[in-house]
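Enquirer: So the chains spell out like this:
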Amino acid sequence: MAKRPSAPAVPRKRLTVTDYTLFAGVIVLIFFSIYRVNDVLVYNWNWQRVLSFVVRFDPETGSYSANLLWYGLMTTVRLAFWATVLAAIIGLIVGYWRTCNNLTLRIISRGYVELIRNIPPLVFIFIFFFFISSQIFPALGFDNIDRESVLVDNVLFRIFFGDVRLFSNFLAGVLCLAMFEAAYIAEIVRAGIQSIGKDQWEAARAIGLSRFNVLRDVILPQAGRKILPPLAGQFITLIKDSSIVSLISIQELTFLATEVASSTTKVFETWILVGGMYFCICFGFAVLFGWLERRARRSFK
Amino acid sequence: MHLFKHMKALLCALSLGTFTAIATMTPVVAESVLEDIQKRGSLRVGMATFVPWAMRDKEGNLIGFEIDVATKVAADMGVDVEFVPTAWSGIIPALIAKKFDVIIGGMSITPQRNLTVNFTQPYAHSGQQMAANIELTDGFSSLSDYNSSSVTISCRRGATPCNTASKMFPKATILRFDDDAQAFQEVVNGNAHATISSAPKPTFWSEGYPDKVHVANNGENLTRGDEAFAMRKGDADGLNFFSNWILVNTSNGWLKETHDYWFKDQSAWKDMVAVEQ
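Protein chains in written order, with the working numbering: chain R, 1 to 301; chain A, 1 to 277.
Excised from the complex, chain A in its bound form (with noise of 0.2 angstroms):
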C-alpha cells in the first residue's frame, strides 16, 4: 500500500517534470527556417485576406498578388506552397508561434513591429488611400478638413491605416473595424466620413458606389508604404535568401509586372472574383 502510495507521487512528479521540460525546450542550435522548409518540402505562408493582395476566387481558391509571389518563391526554392490564412490581429503572434515559416502578407514595415519580428526588403510599394463619402464631406477642400472632432474615420484595427488616421486627424474620432469591408460599409452608409486603407482597395471601392463614395485627396495616395516579407527573429541564413530573391525579382521586373497586373484595375482578374452582375 505504502509502496503504491509512493508510486503515484513519483509518477506526478515525473509527469510534471516532463511537462516543464517540453514548456522550457529551447533549440540548442538555431537552425535557418531554410532547413526546415527543404526538409519538409512545403513552404508555409501566413496570409491575411486582402484585395487585391489575396483573395479568394469563385471556387474558392486563393489569388491575387501576393499568392503570386508565394508560389514563385517557393517554385525557386523547389518546394510546395502552402497557405496558412490568419486573422490579421494575430499574424505576429502565430509567425512566432511557428505557424508557418514567413508572412508574405502585404505587411508594411514599421518600427514597432522590426522589434518583434524581422523584414526583408520590400517587394512592393504601395501607400493608403483614403475613401471618402461624397455626400458628407461636401465643401471639404483640403486634407486639412478632416482633422475635426465632428469627422469620423474607419480603418481595419490592428493595420497601419489606423496608425496613419490617428497620426493625420488626431482630433477626428476613429473608429476600428476587424475587417475592411465594414469599415468601408461605414463610409457607405454614412456613419463615418471616410475610410483609409492600402491602395488601391479604396478606388476598388468607390467603383462600386460612385455617386456616394470618391477617393480623397484627388485620389493621391496618403502615405508610401514599404510592403515586405516577415520572419522571425535570428534567422540571417533566411532572410538572406528571402531578401535577395526580392533583389533579383525586383531587377528582372517580375516583381513589377506581376504587381501592375493586380494593382493598376481590376478589369484583368474582376471575372475571376466577381459574379456580380
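So here's chain R without its partners, still in its complex pose (with noise of 0.2 angstroms):
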C-alpha cells in the first residue's frame, strides 16, 4: 500500500523558543571557550601594535596611510581578481574540451584535469613556481622590465597589477593559482555542458547553427545557469587558495601577516585579523553569487 505522502511542511517565518534557547547556547559556548583560552594561554594581547600595520596614524603629520597589511590584502584581491579571469576561461576552454569528439584534445584535458587534480597543491605550485620562474620569466625578460616605461609606470597598471618591481612575483602567483583552480572549474563545466541532452545539441545542429553558436547561444546559457552555485564555490575556494602562494613568497596578504607576526611577535592578533579579512572577502564573493543565482533564476522565468 502506497503511503500518502505527507503535506509539505509550511516555511516557519518566525524563529521558536528552542531556536532562541540553540542561540544562547552556542553564544554562551563561544565565551567559555574564549575564557578558557584565555586561561590558559599566557599572552599579553596588544591589538594596536597588529592594526597600524593595516593603517597607520602617523603623529607627526597627523594623518592615515596604509600600511603592510593593507597592500597584502590588496595584493591578494588583485591576485584572486585575476586568477579567476584566468581560471575561467583555462576552465572553460579545457572543460569544452572534455566533451569534444576530438580524441586529441579530449586525452589533453583529460591529463590535465587528472595531473592537477591528484597532486597536492604545495607540490603544484612549488614545482611549477620554480618552472616559469627559472624557465619561462627570464626568457621573456619579466624580470628585467624597464620601470620607467609608459607602459608600466601609469596609475592603470598600479591599481591593477600593483607595484611594478614586483610584478613578476605577482604574475607567477596568478599563474600559479590559475593553472591550478582551472582543473577544478574544468570539471565544473564539463559537468554543466553534459548535463545538457544530446538532443538539444542535436536539433540546434539540425537548425544549421555552427557548433560554435550552439555551445554559445544553447547550450551555455543552460549550462551556465545550473553550474552558478558549485562554481561561487570553486570561486571562493581560489581566494582562499591564494594564501598558498605565500609559500613561494608572493607578497600577498599570508606572506605578508608572516612579516608581521614574526616582527611584532603577535602571532594571534595578526592571525584573528587576517582571517576576518579573508572572511570579509569571501563573504563579499558569496553575497554577489547569492545575487547572481537569484538573477538567473528570474531571467529564466
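It is worth saying that the hints were derived from the structure and are not from the lab.
Please note: incorrect hints may appear among the correct ones.
As the list claims (entries may be wrong) - When the alpha-carbon atoms are kept at most 25 angstroms apart in a straight line, the in silico SDA-like pairs for lysine to any residue are as follows:
1) K212/A - Y43/R
2) K226/R - Y43/R
3) K270/A - W70/R
4) K212/A - N46/R
5) K58/A - M74/R
6) K240/R - E187/R
To be verified - Distance windows between CB atoms, simulated:
7) P229/R - D145/A: 56 to 62 angstroms
8) G234/A - L151/R: 30 to 36 angstroms
9) L151/R - N114/A: 49 to 55 angstroms
10) V123/R - N240/A: 33 to 39 angstroms
11) D138/A - F81/R: 51 to 57 angstroms
12) G141/R - K233/A: 21 to 27 angstroms
Stated by the list, open to error - In silico negatives: residues of chain R with every beta carbon more than 10 angstroms from chain A:
13) I34
14) R211
15) D217
16) I248
Since the model is a prediction, treat every value here as computed from it, not as a measurement.
Backbone N, C-alpha and C fix where the C-beta goes; we use that ideal spot for every residue, glycine too.
Hints in hand, dock the two standalone chains.
Expert: Next comes the structure, spelled out in C-alpha cells:
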C-alpha cells in the first residue's frame, strides 16, 4: 500500500523558543571557549600594534596611511581577480575539450585535469613556480622590466597589477593559482555541458547553427545557470587557496602577515585579523554570487 | 583541407620545439652575477624576516643588521638595493631559480647547505641560545637535563636550531614550526620546555615575559655560528667580490660596530619597531 505523502511543511517565518535557546547555548559556548583560552594562554594581547600594520596613524603629520597588511590585502584581491579570470578562461576551454569528439583534445584535457587534481596543491605550486620563474620568465624578460616605460609607469598598471618591482612575483602567483584552479573549474564546466541533453545539440545543429553558435547560444546559457552554485564555491575556494602561494613568497596577505607576526611577535592578533580579512572578501563574493543566482533564475522564468 | 591539417601538425611541433628550447636553454658562458647587477643597476637581495637581522618598523619598512649590510654593499657597488622577502624554507631554491643575486639572510654555513650553494667569508658570528619555560624546567641544573624523552623543544623548521636541538638533545621531542614566534609561544604557554633560536632573540623574548621564560645555560650560547652570504655555484668573481667586501669591512670595524648596534641590546632601536606600552 502506497503511503500518502504528508503535506509539505509550511516554511516557518518566526523563531521559536527552541531556536532562541539553541542560539543562546552557542553564544555561551563561544564565550566560555574564549574565557578558557585566555585562562590557559599566557599572552600579552596588543591589538593596537597589529592594527597599525593595516592603517597607520602618523603622529607627526596627523594623517592616516596604508601599511603592510593593507597592501597585502590589495595584492590578494588583485591575485584572486586575475587568477579567477584566467582560471575561468582555461577552465572553460579545457572543460569544453573534455566533451569534444576530438580524441587528442580529450586526452590533453583529461591529462591536465587528472594531473593537477591528483597532486597536492602545495607540491604543484612549488614545482610549477620554480619551473616558470627559472625558465619561462627570464626567457620572456619579465625579471628585467624597464620601470620607467610608459606601459608600466602609470596609475592603471598600479591599480591592476600593483608595484612594478613585484610584477614577475605577482604574475607567478597568478599563473600558479589559475593553472591549479582551472582543473577544478574544467570539471564543473564539463558537468554543466554534459547535463544538457544530446538532443539539444542535435536539434540546434539540425537548424543549421555552427558548433560554436550551438555552444554559445544554446548550451552555455543553460549550463551556466546550473553550474553557478558550484562555480561560486570554487571561486571562493580560489580566494582562500591564494594563501598557499605565500609559500613561494608571493607578497600577498598571508606572506606579509607572517612578516608582521614575526616582527611584532603578536601571532594571534595577526592571524585573527587576517582571518577576518579573508572572511570579508569571501563572504562578499558569496553574497555577490547569491544575487547572480537569483537573477539567473528570474531571467529563466 | 589536407594542407590545413599538415599546417596544424607543423604548428604543434613548432610550438613544442620552442617550449623545450626555452626549458633547456643554458647560458653558454657563465657570466658573473656582478655584471648582471651592474647592468640592471640594482642588487637583489634575498632575505627573510628575523629579529634583529631583518624586521619591519612601524611604517612597514625593512630595518635590521642585514638591511644595513646589504644597503652598504649596494652603495659600495654604486647600485640600488632591492630586497626580496622570501619564505625561509624556500630561500635556497629561490636563489637557484635566480629570484635574487645573493642571500644576505643571516644564513649559517653548514656543509649540507654548502653542497648546494657557495658561501662567502662569514660576516657575523652569532650563536644559538635556548629560551626555557621557568616553571617547566624548574630543577634543571645542566643542559643534559633537557636530553630526556619527557622534554619538548620547539624550533623553526628548516633552520639550524632544529639540527642543534636534535643533535644536543636526541631524546627530546622536537616540535617544528613555521616561524620563531610560534615556536616561542609554545614555550610561554607551557606546551614546550624550551625553544632554540639564534642569539639574541631568546634574550629579547625572555625580556618580554621575565617571570615565565629565561635563557637557559645561564644565558650562554649553546653553539657558535658563522653567518655568510650565499650565492649560486660557479661564480668565482662574485664570490671573490663579496668575500673581500666582508674582509675590508671587518678590518675597518664597520661590521662589528653595526652588529653591536643591533645585537647588544634592543634599547637603540626598540622605539622604531614597537609601540608596546
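Enquirer: Are the hints correct? Go through all of them and say.
Expert: So, going through the hints one by one against the coordinates:
At roughly 11 angstroms between alpha-carbon atoms, K212/A and Y43/R fall within 25 angstroms of each other, so this suggested pair holds. This hinted pair does not check out: K226/R and Y43/R have alpha carbons roughly 49 angstroms apart, beyond 25 angstroms. Simply put, K270/A and W70/R have alpha-carbon atoms about 24 angstroms apart, close enough for the 25 angstroms limit, and the pair holds. The hinted pair formed by K212/A and N46/R meets the criterion: a straight-line CA distance of about 18 angstroms does not exceed 25 angstroms.
The hinted pair formed by K58/A and M74/R meets the criterion: a straight-line CA distance of about 19 angstroms does not exceed 25 angstroms. For the given pair, K240/R sits about 19 angstroms from E187/R by alpha-carbon distance, which is consistent with the 25 angstroms threshold. At roughly 59 angstroms, the beta carbons of P229/R and D145/A sit within the given window of 56 to 62 angstroms. One distance hint, 30 to 36 angstroms for the beta-carbon pair G234/A and L151/R, holds here, with the actual separation near 35 angstroms.
Remark: the range hint 49 to 55 angstroms for L151/R to N114/A is contradicted by a beta-carbon distance near 42 angstroms. The hint said 33 to 39 angstroms for the Cβ distance between V123/R and N240/A, and at roughly 38 angstroms that hint holds. Roughly 54 angstroms separates the CB atoms of D138/A and F81/R, a value that falls within the hinted 51 to 57 angstroms. Range check, G141/R to K233/A: Cβ separation about 24 angstroms, and the 21 to 27 angstroms hint holds.
With 10 angstroms as the threshold on Cβ separation, the claim that I34/R sits away from chain A holds: the shortest Cβ distance comes to roughly 16 angstroms. Distance check on R211/R: its Cβ is at least 17 angstroms (rounded) from any Cβ of chain A, clearing the 10 angstroms threshold; non-interface status holds. In this structure D217/R is separated from chain A by more than 10 angstroms, as the shortest Cβ-Cβ distance comes to about 26 angstroms. Separation of I248/R from chain A is inadequate, the least Cβ-Cβ distance of about 6 angstroms not exceeding the 10 angstroms criterion.
When the structure is compared with the earlier hints, violations turn up for hints 2, 9 and 16 and for no others.
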